Amino acid sequence: MASLNVRAALLSVSFLILALGLWEMATQPPEAQTGLTEYEMLMGGAEQESRVPPPSAVIKLAWAELSDPFYDAGANDKGIGIQLAYSVYRVLAGYLAAMAIALPLGFLIGMSPLMYKAMNPYIQVLRPISPLAWMPLALFIIQDSDASAIFVIFICSIWPMLLNTAFGVANVRQDWVNVARTHELGPLRTAITVILPAAAPTILTGMRISIGIAWLVIVAAEMLVGGTGIGYYVWNEWNNLDLASVIFSILMIGVVGMLLDLVLGKAQKLVEYKE
Amino acid sequence: MSKPFLEVDGLSKVYPDGQGGELTVFEDVRFALEKGEFVCIIGHSGCGKSTILNVLAGLDEASGGNVVMNGKEIKGPGLERGVVFQNYSLLPWKTTLNNIVFAVRARWPEWSKEKIREHSERYLKMVGLDHALNRKPSQLSGGMRQRVSIARAFATQPELLLLDEPFGALDALTRGVIQDELVNIWQETRQTVFMITHDVDEAILLSDRIFLMSNGPNARIAESVKVDIPHPRARATIFQNPAYHKTRDYLVDFLVNRSGSATPEEDGTPRIVEPAIGVARSASAGAETETEIAAHAVNV
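Just so you know, the sequences run in chain order A and B. Per the working numbering, residue 1 is the first one in the first sequence, and the count goes up by one each step. Per the working numbering, residue 276 is the first one in the second sequence, and the count goes up by one each step.
Careful: at least some of the hints might be erroneous.
[Unchecked claim] One-sided and incomplete, this derived list gives chain B residues near chain A with beta-carbon spacing under 8 Å:
#1 P291
#2 G293
#3 G295
#4 L334
#5 S338
#6 P352
#7 L354
#8 A381
#9 W383
#10 N459
#11 W461
#12 H506
[What the hints assert, rightly or not] The calculated DSSO-like cross-link candidates involving lysine-lysine, where the alpha carbons are at most 27 Å apart (straight line), are:
#13 B:K278 / B:K390
#14 A:K266 / B:K350
#15 A:K274 / B:K278
[Stated by the list, open to error] Derived Cβ-Cβ restraints for the label pairs, each shown as a range:
#16 B:G293 / A:M258: 31 to 39 Å
#17 A:L188 / B:D335: 37 to 45 Å
#18 B:G443 / A:Y273: 40 to 48 Å
#19 A:D175 / B:Q515: 37 to 45 Å
#20 B:S416 / A:D261: 50 to 58 Å
#21 B:F514 / A:K274: 36 to 44 Å
In case anyone wonders, no lab produced these hints; they're calculated from the structure. A quick note: this is a predicted structure, and the numbers were derived from the prediction, not measured. Yeah, the Cβ is synthetic: ideal placement off N, Cα and C, and Gly gets one too.
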C-alpha cells in the first residue's frame with residue numbers, strides 16, 4: 001500500500017480531472033439541431049447565448065498569460081505579474097504600517113490593565129467596521145486612490161495583530177515574568193528577552209490572520225479605486241466580458257493568498273515552542 | 276553578638292477573606308539564618324510557607340514586618356537571592372544551556388561570551404546534564420528540568436538560595452537522585468539555602484535546622500529543630516545514624532499531633548529543639564551505633 005501522501009495526491013488529481021471534465025462537458029456549445037435561421041446566418045452563426053468558458057480555454061489563456069506575466073501594453077493591458085505585484089505591494093505597505101502600530105500598542109495594552117480598559121471600547125467599536133466603509137473618508141482626506149487602498153489594508157489588518165499581541169502579552173505565564181524579576185531584568189530587557197518570545201506564537205497567529213484578511217480586502221478595494229492591481233484586473237476583464245481571464249485571475253488570487261499564508265506559517269513555526 | 280546574615284522580624288500576611296473580613300495567614304514570624312546554613316521549613320498546607328519564601332524572594336509583599344539581609348532591607352527581587360520554583364520555570368523557547376546563560380549573563384553582564392558559556396556548562400555538569408546542552412526543556416523529563424533549574428540558581432551564586440518545594444512534582448526515585456545531587460552541590464558551594472518541603476526525610480537529609488510551622492490561619496514558626504548529623508550526608512547511609520531516627524520521630528510527632536497547638540517562645544522566636552541531643556556525638560563508632568539503633572528500636 002502506498003503511503004498516505006501518495007494516495008492523497010492520487011485522489012486530489014482524480015478530483016481535479018473529474019471536476020475539469022464535468023466543467024468541460026457542461027460548457028460545450030449545443031449541437032446545431034436545425035439549420036440556422038436567416039437571422040443567425042446574418043449574425044455569422046454566432047451563438048446567442050453567452051456561456052462560461054471551458055477549462056481548456058482558461059488553461060490556454062493561463063499559459064499565454066503566465067509565459068509573459070510582466071508585459072505592459074498601456075493602462076488597460078498589463079501582464080498578470082504586474083497586476084499581482086501592485087496588489088502585493090499595497091498589501092505589504094498597509095500591513096507593515098499596521099504592524100508598526102499594532103505591535104507596540106498591543107504590548108502596551110497587554111502590559112497595562114489600565115490601558116487595556118481605556119482602549120478596549122474604541123477597539124470594540126472600530127474592529128467590526130468593514131474596511132471598505134472607510135474608503136470614502138480615506139479618499140476625501142488622503143485625496144489619492146493608491147494611498148487610500150493602502151489605508152484600507154492598514155485599517156483591516158491592524159485589529160487581529162493588535163488584539164493577539166495584547167492577549168499574548170497579557171497572558172505570559174507569571175512564572176516566566178518572575179524569572180525575569182528575580183534576575184533583575186529591566187522593563188525593556190524583560191519585554192525583549194522574556195515577554196516577546198513568550199507571546200510570539202500568539203502574535204504570529206494574529207499576523208497570519210491579518211495577512212489573510214488584507215488579501216481578501218485588497219481585491220475589493222482595487223475594484224473600487226481602479227487603475228492597477230488584481231482587483232481592478234478582475235473587474236476590468238468582467239467589463240471586457242473576458243470570462244476566461246476572470247476565472248484565471250480568480251485562481252491567481254487564490255495562489256498568491258496561499259503563498260502569503262505559507263510565508264507567515266513558516267514564520268510561525270520558527271517562534272513556536274512547546275511547554 | 277553580631278547581626279545574623281538574614282533576619283526576619285515580625286512578618287505577617289493578611290488577605291481579605293472575601294466576606295468583608297480579613298484572614299491572617301501567618302503572623303509575627305521571626306527567625307534568623309546564618310551564612311552557609313541549610314534550613315528547611317515544614318508545615319501543613321495553607322500555613323503560608325510559600326508566601327514567606329516569596330517575600331524573601333521579593334516576589335510578594337508582606338502585610339507587616341520586615342526582612343533584613345546583610346544589613347539591608349529586602350524590597351523587591353534581586354540577583355543576590357536565587358529562586359528554584361516547584362514548576363521549574365525554565366524558559367521553554369531556550370535550550371538548556373541558554374537557560375543558564377540567560378541567568379549568568381544577567382548576573383555578570385560584563386563577562387565575555389566564552390566565560391559565560393564556560394561557567395554555565397560547569398554548573399550543568401554538576402547536575403549531570405552536560406550531555407543535554409542543546410535540548411529544549413520540553414525534551415527533558417521532569418527530573419532533568421528541575422536539575423536545570425537548580426543549576427541555574429546555583430550558577431548565579433546568590434547569597435541566599437530559595438527553594439520552593441523543588442522536588443514536589445517528581446517521582447520518589449528521581450527525587451532521591453536529585454536530593455543526592457543537591458547534597459553534593461551544596462557540599463561544594465556551601466551556599467545559604469532556605470527550602471520548603473513536605474518530606475520529613477528530605478528535610479533531615481539536607482538541613483542543619485528545620486523550622487516547624489503551626490497550622491494556619493494565624494500560623495507561626497513554632498519550633499526550630501536542630502539536625503545533629505555531621506556533613507557530608509548521603510541518602511543511603513543517613514538512616515544508620517541514631518540521631519536520624521530521633522529527629523524523624525520528633526518531626527512526625529509534631530506534624531501529626533502538635534502542629535495545631537504549637538506556639539513559639541514568648542518573644543516570638545521559634546523554640547529551639549534538639550531531639551537527638553547526646554546521641555549523635557557518640558555515633559562515630561560503628562559498634563556504638565548499632566547499640567543505639569537497637570536501643571532506639573526498643574524505645575519505639
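For each hint, the structure was consulted:
This hint is violated: B:P291 has a C-beta 19 Å from the nearest C-beta of chain A, more than the 8 Å allowed. Checking B:G293 against chain A: minimum C-beta separation of about 21 Å lies over 8 Å; hint violated. Violation of the interface hint for B:G295 is found here, the shortest Cβ-Cβ separation to chain A being roughly 24 Å, above the 8 Å cut-off. Because the smallest distance between the Cβ of B:L334 and any Cβ of chain A comes to about 6 Å, under 8 Å, the interface hint for this residue holds.
Annotation: interface hint on B:S338 violated; nearest CB of chain A at approximately 20 Å, more than 8 Å. With 8 Å as the threshold, the beta carbon of B:P352 comes within range of chain A, its nearest partner Cβ sitting at about 4 Å, so the hint holds. The interface hint given for B:L354 holds, since its Cβ lies 5 Å from the closest Cβ of chain A, which is under the 8 Å cut-off. With a cut of 8 Å, the hint placing B:A381 at the interface with chain A holds, because the nearest CB-to-CB distance is about 4 Å.
For B:W383, the interface hint is violated, the least distance from its beta-carbon to any beta-carbon of chain A being 12 Å, above 8 Å. A cut of 8 Å between beta carbons decides the hint on B:N459: the least distance to chain A is about 24 Å, and the hint is violated. With its C-beta approaching chain A no nearer than about 20 Å, B:W461 sits outside the 8 Å limit, and its interface hint is violated. Hint status for B:H506 relative to chain A: violated, with the closest Cβ pair at about 28 Å, above 8 Å.
In summary, the hint linking B:K278 to B:K390 is not supported, as the alpha carbons are separated by about 35 Å, beyond the 27 Å threshold. Taking the CA atoms of A:K266 and B:K350, the gap is about 44 Å. The hint is violated against a cut of 27 Å. Taking the CA atoms of A:K274 and B:K278, the gap is near 47 Å; set against the 27 Å cutoff, the hint is violated. For the pair B:G293 and A:M258, the beta carbons lie near 53 Å from each other, so the given range of 31 to 39 Å is not met.
Between A:L188 and B:D335 the C-beta distance comes to about 24 Å, which lies outside the given range of 37 to 45 Å. The hinted range of 40 to 48 Å is not satisfied by B:G443 and A:Y273, whose Cβ atoms lie roughly 24 Å apart. Between A:D175 and B:Q515 the Cβ separation comes to about 40 Å, which falls inside the hinted range of 37 to 45 Å. For B:S416 and A:D261, the hinted distance range of 50 to 58 Å is not satisfied, since their beta carbons lie about 36 Å from each other.
Distance hint for B:F514 and A:K274: a CB-CB separation of about 40 Å, consistent with the stated range 36 to 44 Å.
Taken one by one, the earlier hints fail for this structure at numbers 1, 2, 3, 5, 9, 10, 11, 12, 13, 14, 15, 16, 17, 18, 20, listed in ascending order.
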